[in-house]
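All chains, full assembly: derive it from the sequences and hints.
Chains as they are written, first to last, in this note's numbering: chain L, 1 to 647; chain A, 1001 to 1251.
Treat the hints with care, as some may be off.
Which chain L residues stay away from chain A? Per the calculated CB distances, all over 10 Å, these [to be verified]: (1) D15; (2) N89; (3) S123; (4) D320; (5) D322; (6) G374; (7) Q465; (8) E561; (9) P632.
Okay, the calculated beta carbon distance ranges per label pair [to be verified]: (10) D480(L) x G1052(A): 50 to 58 Å; (11) F637(L) x D1251(A): 54 to 62 Å; (12) E138(L) x N1006(A): 49 to 57 Å; (13) D480(L) x P1148(A): 51 to 59 Å.
If you are wondering where the hints come from, they were derived from the structure by calculation, not from laboratory data.
Backbone N, C-alpha and C fix where the C-beta goes; we use that ideal spot for every residue, glycine too.
Residue-level listing of the chains:
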Amino acid sequence: MTTIDSKIPQGELKDKWTNYKNHQKLVNPANKRKLDVIVVGTGLAGASAAASLGALGFNVLNFCIQDSPRRAHSIAAQGGINAAKNYQNDGDSVYRLFYDTIKGGDYRAREANVYRLAEVSNSIIDQCVAQGVPFAREYGGLLDNRSFGGAQVSRTFYAKGQTGQQLLLGAYSALSREVNRGSVKLYTRYEMLDVVIIEGRARGIIARNLVTGQIERFFGHAVVLGTGGYGNTFFLSTNAMGSNGSAAIQVYKKGAYFANPCYAQIHPTCIPVHGDIQSKLTLMSESLRNDGRIWVPKKKEDAEALQKGRKTANDIPDEDRDFYLERRYPAFGNLVPRDVASRAAKERCDAGFGVNNTGLAVFLDFKYAIQRLGKDVVAARYGNLFQMYEKITDQNPYETPMMIYPAIHYTMGGLWVDYELQTSIKGLFAIGEANFSDHGANRLGASALMQGLADGYFVLPYTIQNYLADQIQVPRMSTDLPEFQAAEKEVNDKIAKLMSIKGKRSVDSIHKELGLVMWDFVGMARTKESLETAMNKIKALKKEFWSNVFIPGEANSLNTELEKALRLSDFLEIGYLMAIDAYNREESCGGHFRSEYQTEEGEALRQDDKFSYVACWHYQGEDKDPELLKEPLDYEFTERKTRNYKE
Amino acid sequence: MENTINITLKVWRQRGPKEKGFFETFDLKNISTDMSFLEMMDVLNEQLVAEGKEPVVFDHDCREGICGMCSMFINGHPHGPDEDVTTCQLHMRKFKDGETITVEPWRSAGFPVIRDLMVDRNAFDKIMQAGGYVSVNTGGIPDANAIPIPKPIADEAMDAASCIGCGACVAACKNGSAMLFVSAKVSQLALLPQGKVEAAARAKKMVAKMDELGFGNCTNTRACEAECPKNVSITNIARLNREFLCAKIKD
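Structure follows, in structure tokens:
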């Protein structure tokens, strides 16, 4: 039986990271120049890692599928980034940020990882300010904070509603500086298609030049994946159109464990679906829940009138409005964590109280905030979000409440990594959303940016040296080695096979079908039966894809349909992994809700005695179910409680 | 509730940077006015794929107006006729039933066409690499609140920083100038105490790179500002000129 070593350092929680850094191996400056590190992805994690490794003196090769590193989907994060600065003097501390994150993750994250995350959070803010990130400030010139779900303190730093953009541009500028200094070489419009393993270690990648269609080989002493999450398995999500889980599946098939794939976050505040040609769902920042109040009608006849268009929101008097989050969760109100808010919206809509013509929406109302603060203050806080909402829906949120509904947003699951962020393949690291490490079963708002930058700026640049210190004697390898040739041939064979199918279905039509299966059967509420249905349907869909997809054009040229097909082939694998993991996990925790396991009040019911582990899935071959390995989650420092946002 | 329109699309097709391009015309029926412009393009491409043809190639990614990847020149305007939006946030309700819509790529010496509506904006990365940063390494940084920054200054820096690097300013400019893009970055960093140290040198390096890459001169037509989806102001260009002049005087 394989045992899983998470390499958590000894000592008290607060000493672990310091102890690790004090005793880890380092690489001296002269040797750094001789070591090549491949970083795939240029989002917050990828760009910050590439820039930091370049600044240290490593020779970095950095890849992205977009035309520029600045396009990575981190750019779309709106609300903010958490840090335990306690600038507001409201009782925040590293421990409290750690505790909120552990609790928010429903006690399914590693204590040591989360503590480290909270510990380095403050340095991130310092770093970003030094780069020229224009965070919001108070009149005295000091940094401003706002509150986010799952916390009772204000610890979220923000830059208007464009925090992700500003943080990414900060990392991108640091990266640009390293490109100028020659320590980082950028490969834009390149897509990784496989990892190359030599004698058990990751030694390079095979990538497709998306402009020429050429397949190329790249060597690295180590490979770092900052390739993001796999939310687009659902077709409709808040992710960018190009976001994909392919790198994760490629390395999973080479032996890297895929951890907790079923933990997917459904974000409560997205613009509802409008039609079947819809290509993506737009998120409305969680920060809106600071001042917006969420409600549905108390009376079913009002809900029906709203659905039929006979009444508008403003026709419903205050006493007939059910502010269900404030009613159910008095202590946190509209600022409950995302999973709780999403399920509560689904519960109301399933009970027939939903609004919009579909009945699948709830109101997010700023009337009260405008009364309390004035329109100008609300506009200053949320103006750009209101404008975006109006452009999409043609409705003015200053006058009529927004309509929102949950949508897939983020995946807490991902590649299994140890404390050093190394996967189960030596020399292969995963950072940011691509790994599974810090959010447990549910991520708190404003923590994704924190984790991406923590990994890239302050964790990986240390831990990777502990690995690379042993590699200084390894010379750069030729990409003519048989392992490179074999990996390239595998990629070429897969592409040739896809091109030769010449079936009747477009890639998107199959992807949309997969998305509906995921939403209906592996979505916000899952059951044993729904998951069995999902697994059967995904198997059938995989067969349909491999026998009936049609890809026009040539493989050795720019071909956007081929790019999508390659990604979809991997989404089909991930969809199955999500379903099998959800099927195995007979409990409800965080973003994973099994209808069989709930309290009388409809809250998630964990089964700590049976499922307090990280589910690590180990690939066993085509059309075979993966093997389940378990990393036990021992809580040494925190008492596991039922999450309570009521009092 | 749902309205639909029929439209005729004239789309620029071009196989590669060196090849001759042409307009191809398509008729699309029953397009929902709730669709975004790119969703309408998806409908077109699904039709083309169903006919065994290659889809129209265009850049797009986040589809929420922030990544700066989408880049179409629609009816004579970068990002189309609506105000303050990128193409992905443009909706079909802005067009009339029976309308003919012309879609072209960004046209500028600095942005060669890759295929159809996709252009190469690598030049923007190169300008950034020339100096669009504050020279700090990771770590060893003083506390974030060590230097107070007046709120109006921070807000002004934020406005400049809201540039998404889409290139609409270049596409809108008759000279193909990248001054709005360059000035937005120079301004953001020059306004903040952290970036002030290198402000003059930064302006000089970024302008030199811009000139080298074949972008034209600014003649104050203000077309860039009018078409910018993020409302980046040309006062930034004035600030860039000031920084640039300072740098030249020091030389």
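Structure-based check of each hint:
The beta carbon of D15(L) is kept farther than 10 Å from every beta carbon of chain A, the shortest such distance being approximately 20 Å. At roughly 12 Å from the closest C-beta of chain A, the C-beta of N89(L) stays outside 10 Å, upholding its exclusion from the interface. S123(L), annotated as away from the interface, has a beta carbon of chain A within 10 Å; the closest lies near 7 Å. Once the 10 Å rule is applied to beta carbons, D320(L) is consistent with being away from chain A; the minimum gap is 24 Å.
Under the 10 Å C-beta cut-off, the non-interface status given to D322(L) relative to chain A holds; the minimum distance is some 25 Å. For G374(L), the shortest C-beta to C-beta distance to chain A comes to about 18 Å, beyond the 10 Å cut-off, and the non-interface label holds. At roughly 13 Å, the least C-beta separation between Q465(L) and chain A is larger than 10 Å, which holds for a residue marked as non-interface. Its beta-carbon lying about 6 Å from the closest one in chain A, E561(L) breaks the requirement of being farther than 10 Å from that chain.
Against chain A, the non-interface label of P632(L) holds: every CB pair exceeds 10 Å, the least being about 34 Å. As the Cβ distance of D480(L) to G1052(A) is approximately 38 Å, the hint placing it in 50 to 58 Å is violated. In this structure the supplied range 54 to 62 Å holds for F637(L) paired with D1251(A), their Cβ-Cβ distance being about 60 Å. Take E138(L) and N1006(A): their Cβ atoms lie about 53 Å apart, and the range 49 to 57 Å holds.
One distance hint, 51 to 59 Å for the beta-carbon pair D480(L) and P1148(A), holds here, with the actual separation near 58 Å.
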